[in-house]
Amino acid sequence: MSDLVLHNYYRSSTSYRVRIALEMKGLSYTYVPHHLRHGEHLEPAYLAVNPQGLVPALVLDDGTLLTQSLAIVEYLDEIAPEPPLLPKDALGRARVRMLAQMIACDIHPVNNLRVLTSLRTLFGAGDEDVVNWFRHWVNEGFQPLEKILASSPETGTFCHGDTPGLADICLAAQVTNNARFGVDMTPYPVMSRIHAACMALPAFQKAAPQNQIDAE
111 MSDLVLHNYY
121 RSSTSYRVRI
131 ALEMKGLSYT
141 YVPHHLRHGE
151 HLEPAYLAVN
161 PQGLVPALVL
171 DDGTLLTQSL
181 AIVEYLDEIA
191 PEPPLLPKDA
201 LGRARVRMLA
211 QMIACDIHPV
221 NNLRVLTSLR
231 TLFGAGDEDV
241 VNWFRHWVNE
251 GFQPLEKILA
261 SSPETGTFCH
271 GDTPGLADIC
281 LAAQVTNNAR
291 FGVDMTPYPV
301 MSRIHAACMA
311 LPAFQKAAPQ
321 NQIDAE
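Numbering (the numbering used here), first residue to last: 111 to 326.
Watch out, some of these pointers could steer you wrong.
As the list claims (entries may be wrong) - Listed next, the in silico DSBU-like pairs over lysine-lysine satisfying Cα-Cα at most 30 Å (straight line):
{"no.": "1", "residue 1": "LYS316", "residue 2": "LYS198"}
{"no.": "2", "residue 1": "LYS198", "residue 2": "LYS257"}
{"no.": "3", "residue 1": "LYS316", "residue 2": "LYS135"}
FYI, nobody ran anything at the bench for these hints, they're computed from the structure.
Make the full structure from the sequences, and use the hints.
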């Protein structure tokens, strides 16, 4: 699997998810950056690769294109089963997917770059408005997520037990992104603890935004 090509952007939290999974699986890949703020993801050359013009996009050695970070991560988990990113039991897998999707499907889509840009261009939002928007939707998702994690016996060192998985990948990427917008993590001690446990691991560190070749 040395011919994997990852089209991504260092600061993209969805790209960060895939980089973590690749590092956890020990899969080598070619890193192709696209500067989202410069609009490089909308250039014809990239649209020819991924018509949606979003990152991440993973191109396999036979040219097959995979997009959407959760789909990519689950694909990687299937073709490289160790270490597993999902539990073996059906209920455990459902719980981990639930936690992951609370971030990936409820928080991230309303806070990604194109939405924040549209707030400015279509509705005249200023910097403070954009920051408040971002924080609002993070807190809307994090408040119930913290309660679920704090009250569940399945929560361990990580979101589900004592080994990191899909939910932790999403959580770590989101918390890292939160820091750029000054989100107060004080109300979320369980998630803060889990994030710290994740960031102590080499895979999460190596995949971190500041450690990428296009980091600014």
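- Between LYS198 and LYS257, is the straight-line Cα distance small enough, at 30 Å or below? Roughly 24 Å between the alpha carbons, so the hint for LYS198 and LYS257 holds.
- Message: Would the hint linking LYS316 and LYS198 be met if the CA-CA limit is 30 Å?
- Response: The hint holds at about 27 Å.
- If you draw a straight line from the CA of LYS316 to the CA of LYS135, is it 30 Å or shorter? The hint holds at about 13 Å.
The structure meets every hint from the earlier list without exception.
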